[in-house]
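Generate the whole structure from the sequences, applying the supplied hints.
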Amino acid sequence: MKGGIDFHVHPVLIREMIRKYPELAAACRETYYCGNAFQPLEVMLAEFDLVAIDRAVLLPVDATTSRGAKIYSNEQIAELCGMSDRFIGFASVDPHQESAPQQLRQAIAGLGLRGLKLDPAMQDFEPSDKRYYPLYETAAELRIPILFHAGLSFAPRSKLRQGHPTLFEDIAADFPGLNIVLAHLAWPWVVEAVALAIKYPNVYLDTSALYFDNPYDFLSYAMTKQVPLTVFERTLRKQIVFGSNNPRSETKTMARAIRGLGFSEDCLELVFRVNAERLLAGERAC
Amino acid sequence: MLIKLIRFEVISKKEFQMIDITGEVENAIASTGLQDGIVFVSTTHTTSSLVVTEGVECLERDVPEHLERLSPKNPPAGSNWGWYHNRLLDFDGRLGYNAGDHIKSILGGIQCFFPVENGAMVRGTRQRIYFCEYDGPLARTVLIQVMGEGKQ
Numbered sequence: 000m001k002g003g004i005d006f007h008v009h010p011v012l013i014r015e016m017i018r019k020y021p022e023l024a025a026a027c028r029e030t031y032y033c034g035n036a037f038q039p040l041e042v043m044l045a046e047f048d049l050v051a052i053d054r055a056v057l058l059p060v061d062a063t064t065s066r067g068a069k070i071y072s073n074e075q076i077a078e079l080c081g082m083s084d085r086f087i088g089f090a091s092v093d094p095h096q097e098s099a100p101q102q103l104r105q106a107i108a109g110l111g112l113r114g115l116k117l118d119p120a121m122q123d124f125e126p127s128d129k130r131y132y133p134l135y136e137t138a139a140e141l142r143i144p145i146l147f148h149a150g151l152s153f154a155p156r157s158k159l160r161q162g163h164p165t166l167f168e169d170i171a172a173d174f175p176g177l178n179i180v181l182a183h184l185a186w187p188w189v190v191e192a193v194a195l196a197i198k199y200p201n202v203y204l205d206t207s208a209l210y211f212d213n214p215y216d217f218l219s220y221a222m223t224k225q226v227p228l229t230v231f232e233r234t235l236r237k238q239i240v241f242g243s244n245n246p247r248s249e250t251k252t253m254a255r256a257i258r259g260l261g262f263s264e265d266c267l268e269l270v271f272r273v274n275a276e277r278l279l280a281g282e283r284a285c
Numbered sequence: 000m001l002i003k004l005i006r007f008e009v010i011s012k013k014e015f016q017m018i019d020i021t022g023e024v025e026n027a028i029a030s031t032g033l034q035d036g037i038v039f040v041s042t043t044h045t046t047s048s049l050v051v052t053e054g055v056e057c058l059e060r061d062v063p064e065h066l067e068r069l070s071p072k073n074p075p076a077g078s079n080w081g082w083y084h085n086r087l088l089d090f091d092g093r094l095g096y097n098a099g100d101h102i103k104s105i106l107g108g109i110q111c112f113f114p115v116e117n118g119a120m121v122r123g124t125r126q127r128i129y130f131c132e133y134d135g136p137l138a139r140t141v142l143i144q145v146m147g148e149g150k151q
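Quick mapping for you: the protein sequence lines, in order, are chains V and H. Heads up: the first sequence runs through residues 0 to 285, numbered per numbering that gives the first Met the number 0. Heads up: the second sequence runs through residues 0 to 151, numbered per numbering that gives the first Met the number 0.
Hints are computed from structural coordinates only; laboratory data are not their basis. Some hints here could point you the wrong way.
Here are a few chain V residues that face chain H, going by a calculated C-beta distance under 10 Å [stated by the list, open to error]:
| no. | residue |
| --- | --- |
| 1 | R14 |
| 2 | Q38 |
| 3 | E41 |
| 4 | M43 |
| 5 | A51 |
| 6 | D53 |
| 7 | T63 |
| 8 | F153 |
| 9 | A154 |
| 10 | P155 |
| 11 | E168 |
| 12 | P214 |
| 13 | Y215 |
| 14 | S248 |
| 15 | E249 |
| 16 | K251 |
Below, simulated DMTMM-like cross-link-like pairs (lysine to aspartate or glutamate); rule was C-alpha separation at most 20 Å, straight line [claimed, not checked]:
| no. | chain 1 | residue 1 | chain 2 | residue 2 |
| --- | --- | --- | --- | --- |
| 17 | H | K13 | V | D128 |
| 18 | V | K69 | V | D123 |
| 19 | V | K19 | V | E74 |
| 20 | H | K12 | H | D91 |
| 21 | H | K13 | V | E41 |
| 22 | V | K158 | H | D91 |
| 23 | V | K129 | V | E97 |
| 24 | H | K13 | H | E59 |
| 25 | V | K129 | V | E168 |
| 26 | H | K72 | V | D216 |
| 27 | V | K129 | V | D93 |
| 28 | H | K12 | V | D53 |
| 29 | H | K12 | V | D48 |
| 30 | H | K12 | V | E15 |
| 31 | V | K158 | V | D128 |
| 32 | V | K158 | V | E136 |
| 33 | V | K237 | V | E276 |
| 34 | V | K158 | H | D89 |
| 35 | H | K72 | V | D212 |
| 36 | H | K12 | H | D61 |
| 37 | V | K198 | V | D173 |
| 38 | H | K12 | V | E41 |
| 39 | V | K158 | V | D93 |
| 40 | H | K3 | H | E148 |
Just so you know, even glycine gets a beta-carbon here, dropped at the ideal spot from N, CA and C.
Structure, rendered in structure tokens:
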């Protein structure tokens with residue numbers, strides 16, 4: 000198998016960036032809420048090497064209105080991408096700001112970022128509200144995917160209900176040309192998220208779900224018992240992307256867990272690389 | 000009385016890795032000017048250990064492999080509830096699923112010490128000091144403290 004892509008990485012622990020931008024430490028500790036030690040960039044890349052992950056999608060969150068903080072600005076994500084050609088940077092904008100669509104255009108055209116990350120629970124907005132449609136229209140026009148946080152979040156004050164997958168149905172239906180990724184299998188609503196993905200070919204799911212037990216036991220529960228593995232293998236094989244949620248979950252353990260579930264080799268190739276590449280290229284799933 | 004504390008960083012590149020740090024400890028002793036006394040070495044982490052053994056590549060494989068057999072990452076077969084550590088650690092914002100690595104650290108021990116005589120660490124000819132990584136890759140901090148009489 001060629002090198003894979005981790006579609007869900009938060010670069011909040013990278014020591015080089017923390018030293019240069021000390022405010023990122025507070026964003027990591029208080030807004031994102033992660034207590035692990037800051038680590039040099041080479042450690043992250045070494046972890047990717049352990050499990051044949053070549054590239055990673057780096058996700059910021061602009062929570063200026065809701066939390067008074069940005070977990071990385073778009074410029075900082077672009078700077079980090081300049082430190083390794085293994086990084087693919089996504090943008091984030093504050094959906095409460097009227098200039099959000101323009102900010103997104105600038106991040107894509109000016110900074111070379113490749114997608115949009117939004118977290119309704121942390122950014123405190125209702126994703127199906129029409130007032131945010133100009134932002135989605137802009138993403139569709141730019142042919143970039145939107146990765147939405149979905150399901151349970153460990154971040155403080157992030158409400159569970161704002162991660163329910165049905166909140167994204169209007170977007171999937173009203174923007175058939177826009178690819179959206181529901182993160183974390185939208186756990187605990189894996190069945191509902193799978194239903195959306197079955198109905199809407201522009202809905203993808205990432206695998207970055209870990210809420211109890213360990214990566215293998217949890218994903219075995221979510222992807223073989225909550226929903227049979229056959230559904231992912233046969234029906235959604237082109238709509239699943241590997242994501243770890245690093246550093247809340249390690250890339251190494253999440254990759255091993257997914258590879259251990261029993262997928263066919265060609266399906267693993269889709270999950271770990273091909274589907275992500277198609278998303279980044281702006282292609283439709285079906 | 001001379002007492003000095005030196006910190007240095009070890010970066011592991013693998014999940015399990017034994018890294019020979021004997022040279023770093025010897026250099027640290029020399030940098031302090033300690034002549035006669037004792038050197039303590041300690042890891043500051045709970046999924047790593049410091050062990051003293053013969054410096055050969057085969058043991059660098061055998062030691063972590065045996066510790067993994069004794070204390071596996073995944074819960075041992077037959078345990079009723081698996082690892083209790085496999086749960087959300089709310090103070091950390093993430094799950095603990097490395098109980099096996101914590102127990103390896105306990106089994107390996109987190110410290111070692113050697114006497115120092117005439118400015119040199121006194122150890123057996125086969126003995127090397129290893130930093131043992133059980134949950135890498137990670138950047139780790141090792142402490143070296145010397146205590147005794149310095150150069151006159």
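Going down the list of hints, with the structure as the test:
no. : hint            : in the structure
1   : R14             : holds, 8 Å
2   : Q38             : holds, 5 Å
3   : E41             : holds, 7 Å
4   : M43             : holds, 8 Å
5   : A51             : violated, 14 Å
6   : D53             : violated, 16 Å
7   : T63             : violated, 21 Å
8   : F153            : holds, 5 Å
9   : A154            : holds, 8 Å
10  : P155            : holds, 9 Å
11  : E168            : violated, 29 Å
12  : P214            : holds, 7 Å
13  : Y215            : holds, 7 Å
14  : S248            : holds, 7 Å
15  : E249            : holds, 9 Å
16  : K251            : holds, 7 Å
17  : H:K13 x V:D128  : violated, 47 Å
18  : V:K69 x V:D123  : holds, 14 Å
19  : V:K19 x V:E74   : holds, 13 Å
20  : H:K12 x H:D91   : violated, 23 Å
21  : H:K13 x V:E41   : holds, 12 Å
22  : V:K158 x H:D91  : holds, 19 Å
23  : V:K129 x V:E97  : holds, 13 Å
24  : H:K13 x H:E59   : holds, 12 Å
25  : V:K129 x V:E168 : holds, 13 Å
26  : H:K72 x V:D216  : holds, 12 Å
27  : V:K129 x V:D93  : holds, 15 Å
28  : H:K12 x V:D53   : holds, 16 Å
29  : H:K12 x V:D48   : holds, 9 Å
30  : H:K12 x V:E15   : holds, 18 Å
31  : V:K158 x V:D128 : holds, 17 Å
32  : V:K158 x V:E136 : violated, 26 Å
33  : V:K237 x V:E276 : holds, 11 Å
34  : V:K158 x H:D89  : holds, 16 Å
35  : H:K72 x V:D212  : holds, 12 Å
36  : H:K12 x H:D61   : holds, 18 Å
37  : V:K198 x V:D173 : holds, 13 Å
38  : H:K12 x V:E41   : holds, 9 Å
39  : V:K158 x V:D93  : holds, 17 Å
40  : H:K3 x H:E148   : holds, 11 Å
Comparing the model with each earlier hint shows violations of hints 5, 6, 7, 11, 17, 20, 32; every other hint is respected.
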